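Novice: On the provided structure of chain P, position chain G as indicated by the hints.
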Amino acid sequence: MPHTLAEKILLEHADADDVRPGDVVTVRCDVVMANDVSGPVAFRVMEQMGAERVFDPTKVVMVADHFMPAKDARSAELQRRLKEWSDAQGVTFFAQGRGGIEHTLLCEEGWVVPGSVIAGGDSHTCTYGALGAFGSGFGSTDIAACLAFGEFWQAVPATIQVELAGRLGPFVAGKDVILAVIGEIGVGGATNCALEFVGEGAEALSIDERLAVSNMAVEAGADTGLFPADETTAAYLEGRTERPWRAERTDPDAELARRVEIDLGTLEPLVAKPHLPGNVVPVSEVAGTRVDQAYIGNCANGTMTDLRQAADVLRGNHIHADSRLIVVPATQRIYREALEEGLLDVFVEAGAMVSTPTCGACFGGGMGVLAPGERAVTTTNRNFRGRMGSPEAEVYLANAWVAAAAAVAGELVDPAAVIVGTAR
Amino acid sequence: MIIEGVAVVIPGDDVDTDVMYPGQFLNIEDPELMKAHLFEGYDPSLRDQLGPGTIIVTGANFGLGSSREHVVQAMKAWGVRCLVGTSFARILRRNAVNLGLPVLECAGAAGAARPGSQIRIDTDTGEVDVDGQKFHAQPVPAFVVDLACSGGLVPWAREQLGA
Numbered sequence: 011m012p013h014t015l016a017e018k019i020l021l022e023h024a025d026a027d028d029v030r031p032g033d034v035v036t037v038r039c040d041v042v043m044a045n046d047v048s049g050p051v052a053f054r055v056m057e058q059m060g061a062e063r064v065f066d067p068t069k070v071v072m073v074a075d076h077f078m079p080a081k082d083a084r085s086a087e088l089q090r091r092l093k094e095w096s097d098a099q100g101v102t103f104f105a106q107g108r109g110g111i112e113h114t115l116l117c118e119e120g121w122v123v124p125g126s127v128i129a130g131g132d133s134h135t136c137t138y139g140a141l142g143a144f145g146s147g148f149g150s151t152d153i154a155a156c157l158a159f160g161e162f163w164q165a166v167p168a169t170i171q172v173e174l175a176g177r178l179g180p181f182v183a184g185k186d187v188i189l190a191v192i193g194e195i196g197v198g199g200a201t202n203c204a205l206e207f208v209g210e211g212a213e214a215l216s217i218d219e220r221l222a223v224s225n226m227a228v229e230a231g232a233d234t235g236l237f238p239a240d241e242t243t244a245a246y247l248e249g250r251t252e253r254p255w256r257a258e259r260t261d262p263d264a265e266l267a268r269r270v271e272i273d274l275g276t277l278e279p280l281v282a283k284p285h286l287p288g289n290v291v292p293v294s295e296v297a298g299t300r301v302d303q304a305y306i307g308n309c310a311n312g313t314m315t316d317l318r319q320a321a322d323v324l325r326g327n328h329i330h331a332d333s334r335l336i337v338v339p340a341t342q343r344i345y346r347e348a349l350e351e352g353l354l355d356v357f358v359e360a361g362a363m364v365s366t367p368t369c370g371a372c373f374g375g376g377m378g379v380l381a382p383g384e385r386a387v388t389t390t391n392r393n394f395r396g397r398m399g400s401p402e403a404e405v406y407l408a409n410a411w412v413a414a415a416a417a418v419a420g421e422l423v424d425p426a427a428v429i430v431g432t433a434r
Numbered sequence: 002m003i004i005e006g007v008a009v010v011i012p013g014d015d016v017d018t019d020v021m022y023p024g025q026f027l028n029i030e031d032p033e034l035m036k037a038h039l040f041e042g043y044d045p046s047l048r049d050q051l052g053p054g055t056i057i058v059t060g061a062n063f064g065l066g067s068s069r070e071h072v073v074q075a076m077k078a079w080g081v082r083c084l085v086g087t088s089f090a091r092i093l094r095r096n097a098v099n100l101g102l103p104v105l106e107c108a109g110a111a112g113a114a115r116p117g118s119q120i121r122i123d124t125d126t127g128e129v130d131v132d133g134q135k136f137h138a139q140p141v142p143a144f145v146v147d148l149a150c151s152g153g154l155v156p157w158a159r160e161q162l163g164a
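For the protein sequence lines, the chains are P and G, in the order given.
So that you can map any letter, position 327 of the first sequence is 337 in my numbering, and since no number is skipped, the others follow by simple counting.
So that you can map any letter, position 72 of the second sequence is 73 in my numbering, and since no number is skipped, the others follow by simple counting.
If we strip away everything but chain P, and leave its shape as in the complex, we get (with noise of 0.2 Å):
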């Protein structure tokens, strides 16, 4: 029986003779993962299931990141939770200067090989379908169970293949790829779906362009968002990572819910506008308008791809007197390497504030928050209305080029526009 890459790795990790899109199977997972805002309502839930150990410490990981470093007390309290709790299990646990913004970390430090099934207490666990995992999003009572038993109900998705041909242009990086495929499919066109990025296009894009894209594949309501493992992934996991893994691939006479296609090459610079991330058209039909700030950071959007693409724009410039930008390495060794580079001092030189590696003003935690009537360009995931601070506030998706230049401009801009010299 032909399947899908979705299928084979669940039915991988399912007692189940064979695996068809719509069944109800338990799935063991390799790794549990939750933070400060997911972890805390989970180790409740799990003491009211009667649990008092996770099912494997080797297997579970913990990061503090959402309110890294504490905004008030309260977070404060969920910080010390999530390490006290994480000292008495025995797993792992990335505090505060020792991590980073959890999906971007937990690639880097090898948790996450292809094939593998990975729960997180956070929607955009989808990031790790970039090295070919089937990672999920959860909530906490899903992980609660997740910890005491390894295991969670997951309805089969059908797969949605997306063919990518050709090669990216001039400015334009993954967050454009993902946001092409949102604006034609929609933002509940993958829901009960799998997305998988195949073609000579996906092969093409490095690994911080492919975290960019599985990403946002929740922003389409799907499940995972799939590259199949090749040689970048391997690339990539060597030296990071003993966990044995295996590259599979969705069989040729598959069945697909839907295949899309689009052409890398035709692509211009986009922007998500307020305040779906589907509302996406190029920047040069939103130019002119005016931004109060821009960020770069996310849990995919704050790799060495997203920093060197901002210190392009940003070499030489300064940020517009009516703008400011906050830069957020994902990382620590993001930030050293970043460091080591030269870059941050690019950033500061023109005018920007680098922050520590924290998910901080993405979800609207703290770090940069935004004001009633102001607007921002950013490098994260959700437009959505209130998302980063006052629900009077508007937000744009964009790539690092675009939010960099826009920062510069003061305003939406073409970034071959402010590049001074020549970019990378």
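Because the hints were derived from the structure by calculation, they are not lab data.
Incorrect hints may have been included.
What the hints assert, rightly or not - Away from chain G, derived, C-beta distances all over 12 Å, residues of chain P: (1) Leu21; (2) Glu62; (3) Glu173; (4) Gly179; (5) Thr243; (6) Ala267; (7) Gly275; (8) Leu277; (9) Glu350; (10) Asp424; (11) Val428; (12) Gly431.
Unchecked claim - Restraint ranges, calculated between C-beta atoms of paired labels, are given here: (13) P:Arg90 to G:Met2: 52 to 58 Å; (14) G:Asp123 to P:Pro180: 57 to 63 Å; (15) G:Glu5 to P:Asp332: 37 to 43 Å; (16) P:Gly120 to G:Leu162: 31 to 37 Å; (17) P:Glu265 to G:Pro156: 35 to 41 Å; (18) P:Gly120 to G:Phe144: 30 to 36 Å; (19) G:Gly54 to P:Glu213: 53 to 59 Å; (20) P:Arg63 to G:Gly13: 42 to 48 Å; (21) G:Leu162 to P:Glu173: 54 to 60 Å; (22) G:Gln161 to P:Asp27: 21 to 27 Å; (23) G:Glu160 to P:Gly249: 43 to 49 Å.
All values derive from a computational prediction rather than experimental measurement.
Cβ atoms here follow ideal geometry from the backbone N, Cα and C, with glycine treated the same way.
Specialist: Frame of chain P; chain G shown alone:
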């Protein structure tokens, strides 16, 4: 199982979990304290209609976005019994089922219900009665119906553990 209640209508499609429970309140872990922030970024006055026996009625793709269980935890703390809508985003649907709130996709019933409508649901047959008008919900896998109707994952887990 038969569920009877009064409709509280959340108008519109694509109502996300950020507007239903803004991020700044995610540092709360007690469901009783979450109640005060439900629908905060959407229409806080909807809270005035909530109570024991509430059936939430929604449009399409309800609850897209964040996995924050605070939305459904707060609904449950208010006494909400069930969700009926045109369609639901994956994680919100899971969260509701896991907390013992059945979720039915029934565009007809969602379109017919008005604030205060009397709704009667038969979770076995999928029949939804709105002020005397009958509709049929999309079929739901038996496992999911059983899980929601037996109180969700906590009682399920307690049984597994013999707790």
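Novice: Determine for every hint whether it applies to the structure shown.
Specialist: So, going through the hints one by one against the coordinates:
no. : hint                             : result
1   : Leu21                            : holds, 18 Å
2   : Glu62                            : violated, 9 Å
3   : Glu173                           : holds, 24 Å
4   : Gly179                           : holds, 30 Å
5   : Thr243                           : holds, 26 Å
6   : Ala267                           : holds, 15 Å
7   : Gly275                           : holds, 31 Å
8   : Leu277                           : holds, 24 Å
9   : Glu350                           : holds, 33 Å
10  : Asp424                           : holds, 30 Å
11  : Val428                           : holds, 31 Å
12  : Gly431                           : holds, 39 Å
13  : P:Arg90 to G:Met2: 52 to 58 Å    : violated, 41 Å
14  : G:Asp123 to P:Pro180: 57 to 63 Å : holds, 59 Å
15  : G:Glu5 to P:Asp332: 37 to 43 Å   : violated, 57 Å
16  : P:Gly120 to G:Leu162: 31 to 37 Å : holds, 32 Å
17  : P:Glu265 to G:Pro156: 35 to 41 Å : holds, 36 Å
18  : P:Gly120 to G:Phe144: 30 to 36 Å : holds, 35 Å
19  : G:Gly54 to P:Glu213: 53 to 59 Å  : holds, 55 Å
20  : P:Arg63 to G:Gly13: 42 to 48 Å   : holds, 44 Å
21  : G:Leu162 to P:Glu173: 54 to 60 Å : violated, 46 Å
22  : G:Gln161 to P:Asp27: 21 to 27 Å  : holds, 23 Å
23  : G:Glu160 to P:Gly249: 43 to 49 Å : holds, 45 Å
Hints 2, 13, 15 and 21 from the earlier list are contradicted by this structure; the remaining hints agree with it.
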